[in-house]
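J.: Taken in order, these protein sequences are the chains called S and C.
Each residue of the first sequence is one higher than the one before, counting from 199 in the numbering used here.
Each residue of the second sequence is one higher than the one before, counting from 199 in the numbering used here.
Possibly wrong hints are sitting among the right ones.
Heads up, the list lumps identical chains together, so a pair's fine if it works in one copy or across two of them.
Claimed, not checked - Straight-line alpha carbon distances no greater than 25 Å define the calculated SDA-like cross-link-like pairs of lysine to any residue that follow:
| no. | residue 1 | residue 2 |
| --- | --- | --- |
| 1 | Lys411 | Gly311 |
| 2 | Lys268 | Asp362 |
| 3 | Lys313 | Val451 |
| 4 | Lys411 | Cys285 |
| 5 | Lys411 | Pro427 |
| 6 | Lys268 | Val284 |
| 7 | Lys268 | Thr325 |
| 8 | Lys313 | Pro347 |
| 9 | Lys268 | Glu257 |
| 10 | Lys313 | Arg226 |
In case anyone wonders, no lab produced these hints; they're calculated from the structure.
Number of protein chains: 2
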Amino acid sequence: MCELLGMSANVPTDICFSFTGLMQRGGRTGPHRDGWGIAFYEGRGCRTFHDPRPSAESEVARFIHSYPLKSCIVVSHIRQATHGRVCLENTHPFTRELWGRHWCFAHNGKLPGVKLRPLRRFRPVGTTDSEHAFCWMLDRLADRFDRPPATRALRVEIARLARDLATLGTFNLLLSDARDLYCHCSTTLCWLTRRAPFGVAHLIDTDLAIDFKQETTPDDVVTIIATRPLTPGEAWHHMAPGELRIFRLGEAVESAGIRGYGAPDHAGGLP
Amino acid sequence: MCELLGMSANVPTDICFSFTGLMQRGGRTGPHRDGWGIAFYEGRGCRTFHDPRPSAESEVARFIHSYPLKSCIVVSHIRQATHGRVCLENTHPFTRELWGRHWCFAHNGKLPGVKLRPLRRFRPVGTTDSEHAFCWMLDRLADRFDRPPATRALRVEIARLARDLATLGTFNLLLSDARDLYCHCSTTLCWLTRRAPFGVAHLIDTDLAIDFKQETTPDDVVTIIATRPLTPGEAWHHMAPGELRIFRLGEAVESAGIRGYGAPDHAGGLP
């Protein structure tokens, strides 16, 4: 299994604190030694950094730690390979362009049989089942919508595709189109929103604390999504299997009627 | 105008020496202050680094300088904006996936009217004419070939598309599909192949010398492509307007019959 880390914020925010915790799990406090990657959106643009080496020993990770990039959406992943060899092209997050938007995808889990699903326009560069699933999702979106659909129609369709993929196996997902951050939980994913009044947080994985009051303004809203809580003593919400959450600008998006949104028992009326 | 830097090598090679020279032109010895980017292929994978800030002042550039990534194909670009504002999404090289390969594109010049050419599958994220031209090339390739064509058919088609775009304006180009490095000259582009016996080279733009004998084995073949020579006293070949060169594993590819290949007066028999 791998570990995911995502962020959605209403102002460009650096993710160094949470990233530091995650990176420890790549070979130090966790077994995820098979590479890592991170994508930072800056407006419509997107920067990605990948390294097939363990994050706890990575020069690129040290650079990112020392050079805080600020972003409103971050998608990150550390890998413990289950499918596909350890190499750059098998390192999440994967990116593609659709409708003139950069899409980023990171996945934790296995999707047996996903490679039997035919692809047309988007093709994997590497050999992971995750990248195949990503290409399949974008193929379906491109087939269904010639041009960017209305926000709500897109959210409903992505929820449907995520539910469909989750029937194959384990599909803990972070996905973004530079606007929304989609989070789907099959087995384990949790989130935490920080807003005023901000306090002090400590990392579980290493001896580091931060006083967010010193780093923020009262209007900042920052949501962190992670496979496992990164800090003790904060109100992490554990997502339920089958749950989808969508965040924009740090806030959970209302989505009455999107089936599978929120806890599965809140399932709405869509077929 | 911008400056281009490319490399094609038969063994993973670091481009730090040439990159150091190029980066000086981004705000120090040259006027190209509007960002820079570099793509390194590693097998089928591709890492890109972009920074909308001047390369001579860039933390990311300093990191790359201190952490030599080795690659067989590199595409790099420093920008002096002529079209499109200075931001991450307007920073070359641009990347897209086609047929399960990462494509990289960097361009120096202007292509008035290129945005009138309709696009279908590939769409620009930013607002440069360069990214539009790249999307148009990939659209044409995807239309023409459902699946990856034979190497020669692909080279002929890319030569044709490059000639077509060059009719619109200035089209100095570096393009790669992870296998070949395509170099098209409209106004200025030059190349240099280093092979045994290796010697000492000095940069024009800063006080740095390197003894390639210490850094190479006798079988290494490394071609550098640049807008202007980076070193004095080496045998840089200045390409002619309309000339296309294709490099693979450091060597120029034979291409009898590809029109526009080599100097224009070598134009072959294709329509």
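J.: For every hint, state whether the structure bears it out.
T.: These are the hints, each one checked on the structure:
1. Lys411 - Gly311: Classified as neither: same-chain Cα gap 48 Å, cross-chain 51 Å, threshold 25 Å.
2. Lys268 - Asp362: The answer is neither: 34 Å in one copy and 40 Å across copies each exceed 25 Å.
3. Lys313 - Val451: Neither: 32 Å inside a chain and 36 Å across chains, both beyond 25 Å.
4. Lys411 - Cys285: This pair counts as neither: shortest intra-copy Cα distance 40 Å, inter-copy 30 Å.
5. Lys411 - Pro427: Within one copy only: 20 Å inside a chain, 52 Å across chains, cut-off 25 Å.
6. Lys268 - Val284: between (29 Å within a copy, 17 Å between copies)
7. Lys268 - Thr325: Classified as between: cross-chain Cα gap 22 Å, same-chain 31 Å, threshold 25 Å.
8. Lys313 - Pro347: between (27 Å within a copy, 23 Å between copies)
9. Lys268 - Glu257: both (19 Å within a copy, 14 Å between copies)
10. Lys313 - Arg226: Neither: 32 Å inside a copy, 50 Å across copies.
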